[in-house]
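If you read the sequences in order, they're chains S and Z.
According to the numbering used here, the residues represented by the first sequence are 1 to 214, in order.
According to the numbering used here, the residues represented by the second sequence are 1001 to 1091, in order.
Treat the hints with care, as some may be off.
Below, a list of computed lysine-lysine pairs in the PhoX-like style, where the Cα atoms sit at most 20 Å apart [as the list claims (entries may be wrong)]:
| id | chain 1 | residue 1 | chain 2 | residue 2 |
| --- | --- | --- | --- | --- |
| 1 | Z | Lys-1084 | Z | Lys-1022 |
| 2 | S | Lys-122 | S | Lys-33 |
| 3 | S | Lys-56 | S | Lys-93 |
| 4 | S | Lys-180 | S | Lys-122 |
| 5 | S | Lys-169 | S | Lys-180 |
| 6 | S | Lys-104 | Z | Lys-1065 |
| 7 | Z | Lys-1022 | Z | Lys-1057 |
| 8 | S | Lys-31 | S | Lys-159 |
| 9 | S | Lys-122 | S | Lys-104 |
| 10 | S | Lys-33 | S | Lys-93 |
| 11 | S | Lys-169 | S | Lys-36 |
| 12 | Z | Lys-1084 | S | Lys-180 |
| 13 | S | Lys-169 | Z | Lys-1084 |
| 14 | S | Lys-36 | S | Lys-93 |
| 15 | S | Lys-56 | S | Lys-44 |
| 16 | S | Lys-176 | Z | Lys-1084 |
| 17 | S | Lys-132 | Z | Lys-1045 |
| 18 | Z | Lys-1078 | Z | Lys-1022 |
| 19 | Z | Lys-1045 | S | Lys-133 |
| 20 | S | Lys-93 | S | Lys-31 |
| 21 | S | Lys-122 | Z | Lys-1065 |
Taking CB as the label site, the calculated pair distances span [said to hold, decoys possible]:
| id | chain 1 | residue 1 | chain 2 | residue 2 | range |
| --- | --- | --- | --- | --- | --- |
| 22 | S | Ala-188 | Z | Thr-1081 | 35 to 45 Å |
| 23 | Z | Lys-1078 | S | Lys-180 | 16 to 26 Å |
| 24 | S | Leu-182 | Z | Asp-1020 | 41 to 51 Å |
| 25 | S | Gln-210 | Z | Asp-1035 | 33 to 43 Å |
| 26 | Z | Val-1021 | S | Ser-4 | 41 to 51 Å |
| 27 | Z | Asp-1079 | S | Gly-160 | 52 to 62 Å |
| 28 | S | Gly-3 | Z | Thr-1048 | 22 to 32 Å |
| 29 | S | Trp-41 | Z | Pro-1089 | 18 to 28 Å |
| 30 | S | Gly-3 | Z | Thr-1088 | 43 to 53 Å |
| 31 | S | Gly-55 | Z | Asp-1068 | 36 to 46 Å |
These aren't lab readings, by the way, just hints derived from the structure by calculation.
These figures come from a predicted structure and were not determined experimentally.
Every residue gets a Cβ at the ideal spot worked out from N, C-alpha and C, and that includes glycine.
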Amino acid sequence: MAGSMLITRPENDDATIYLSKWSENIIKEAKNKGLKVIDLWRNKANRERVIGILGKVNPRFVMFNGHGSENCVRGHNMEIIIEEGDGKEFDSKIIFSRSCKSAKILGQTTITEGAIAYLGYKEDFWFKYNPKKVFRPLEDKTAELFLEPSNYLGIALLKGHTTGLSNNKSKGHFRKNMEKLLIEGPLAEDYDCIRYLYWDMIHQVCLGNQDAVL
Amino acid sequence: MAEESKKTESKTSEQEISEDVKELVIARLEVLSPDKKFSIGSNEKEFTRDELIESVKNEDEIGQKVIDLELTFLRALKDGTLLKEILTPEE
């Protein structure tokens, strides 16, 4: 797989630290597949760099991590890095935005303005975590219930699956985790996570072309 | 007069339902572990179980989100959607 990938990884609170650390597996997979990864980490996850790279390097795959809203995605220290009106920057790109609600309006706009596909969440992305693991997020079994299935969306795309199938495979991982907790029963430590996993799964969407590949 | 009385009755009923829902959601939150935290949406702040309960009591923005999520889940549980979703075979 040739080409490049842009990823943003702000780290300014617990949530963004978790998303950033869990994205390391996606970066590893991208490098294994031969993609050049442009990793905008911490204060590099700013609007100026994102817009510059989208224009100059023109990566086919773009992944955003961070807080968001219906019409924007934020970078380090909550700077708005992409908002409604920037749609043209995404011409011919596949975007996976692990940020809340951005598929609702921003995602639709990017598709209208030429993006191939926009994968993300139409509502808030919830996850539960163990604060004792905040310095080792990859060892947090509670957060893993949410972040592994979400991660798998990016991994599946990098494995060469279509956008629609990647979304469905990722949802399959959410289902497996819910099933596991149901089988473990109400006494399981994270049994209550079923409701939050269900919420994330039903609001994860693939907009645009369902048959596109990286 | 009768119309006004009907409106008042309906409003009282809605308020009662709202209180019932709040009580239900709070009861469901109270069984959660107090030691874990939640990341919710665009909030930089993370929330403990007790903060979520407080938000539901106050009916603030986070409280509304919690109620929305809980009701979505309970509806899916009741109408069988949840089980159907979980049993959907992977492609």
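For each hint, the structure was consulted:
1. Restraint check for Z/Lys-1084 and Z/Lys-1022: the C-alpha separation of about 27 Å exceeds 20 Å, so the hint is violated.
2. Taking the CA atoms of S/Lys-122 and S/Lys-33, the gap is near 29 Å; set against the 20 Å cutoff, the hint is violated.
3. Using a Cα cut-off of 20 Å, the hinted pair S/Lys-56 and S/Lys-93 holds, with the two alpha carbons roughly 14 Å apart.
4. Restraint check: the Cα-Cα separation between S/Lys-180 and S/Lys-122 comes to about 25 Å, which exceeds 20 Å; the hinted pair is violated.
5. This hinted pair checks out: S/Lys-169 and S/Lys-180 have alpha carbons roughly 17 Å apart, not beyond 20 Å.
6. At most 20 Å may separate the alpha-carbon atoms for a hinted pair to count; S/Lys-104 and Z/Lys-1065 meet this at roughly 16 Å.
7. For the suggested pair Z/Lys-1022 and Z/Lys-1057, the alpha carbons sit about 7 Å apart, so the restraint of at most 20 Å is met.
8. Between the alpha carbons of S/Lys-31 and S/Lys-159 the distance comes to roughly 12 Å, so the proposed pair stays at or under 20 Å and holds.
9. Between S/Lys-122 and S/Lys-104 the CA atoms are separated by roughly 5 Å; this keeps the pair inside 20 Å, and the hint holds.
10. Annotation: proposed proximity of S/Lys-33 to S/Lys-93 holds, straight-line Cα distance about 18 Å (limit 20 Å).
11. A C-alpha spacing of about 25 Å is found between S/Lys-169 and S/Lys-36, which places the hinted pair above 20 Å, so the restraint is violated.
12. Among the hinted pairs, Z/Lys-1084 with S/Lys-180 is consistent with the structure: their alpha-carbon atoms are about 15 Å apart, no more than 20 Å.
13. Simply put, S/Lys-169 and Z/Lys-1084 have alpha-carbon atoms about 16 Å apart, close enough for the 20 Å limit, and the pair holds.
14. Using a Cα cut-off of 20 Å, the hinted pair S/Lys-36 and S/Lys-93 holds, with the two alpha carbons roughly 15 Å apart.
15. Under the criterion of a C-alpha separation no larger than 20 Å, the hint pairing S/Lys-56 with S/Lys-44 is consistent with the structure, at around 16 Å.
16. Proximity of S/Lys-176 to Z/Lys-1084 is assessed by CA-CA distance (about 13 Å); at most 20 Å being required, the pair is judged to hold.
17. With a CA separation close to 16 Å, the supplied pair S/Lys-132 and Z/Lys-1045 stays within the 20 Å bound.
18. Note on Z/Lys-1078 and Z/Lys-1022: the hinted pairing holds, with a Cα-Cα distance of about 18 Å set against a maximum of 20 Å.
19. Straight-line distance between C-alpha atoms of Z/Lys-1045 and S/Lys-133 comes to about 17 Å, which keeps the hinted pair within the 20 Å bound.
20. A distance of roughly 19 Å separates the Cα atoms of S/Lys-93 and S/Lys-31; the hinted pair therefore holds under the 20 Å criterion.
21. Of the supplied pair hints, the one linking S/Lys-122 and Z/Lys-1065 holds, its CA atoms being roughly 14 Å apart against a limit of 20 Å.
22. Distance hint check: the CB atoms of S/Ala-188 and Z/Thr-1081 are about 22 Å apart, inconsistent with the given range 35 to 45 Å.
23. Distance hint check: the CB atoms of Z/Lys-1078 and S/Lys-180 are about 23 Å apart, consistent with the given range 16 to 26 Å.
24. For S/Leu-182 and Z/Asp-1020, the hinted distance range of 41 to 51 Å is not satisfied, since their beta carbons lie about 27 Å from each other.
25. Evaluation of the 33 to 43 Å hint for S/Gln-210 and Z/Asp-1035 yields a pass: the beta carbon distance comes to about 41 Å.
26. A hinted range of 41 to 51 Å holds for the C-beta pair Z/Val-1021 and S/Ser-4, which are about 49 Å apart.
27. Hint check: Z/Asp-1079 to S/Gly-160, Cβ distance near 37 Å, so the stated range 52 to 62 Å is violated.
28. At about 43 Å, the beta-carbon gap between S/Gly-3 and Z/Thr-1048 misses the expected band of 22 to 32 Å.
29. Our hint of 18 to 28 Å for S/Trp-41 and Z/Pro-1089 is violated, since their Cβ atoms are close to 38 Å apart.
30. Checked against the hint of 43 to 53 Å, the C-beta distance between S/Gly-3 and Z/Thr-1088 comes to roughly 33 Å, which is inconsistent with it.
31. At about 39 Å, the beta-carbon gap between S/Gly-55 and Z/Asp-1068 stays in the expected band of 36 to 46 Å.
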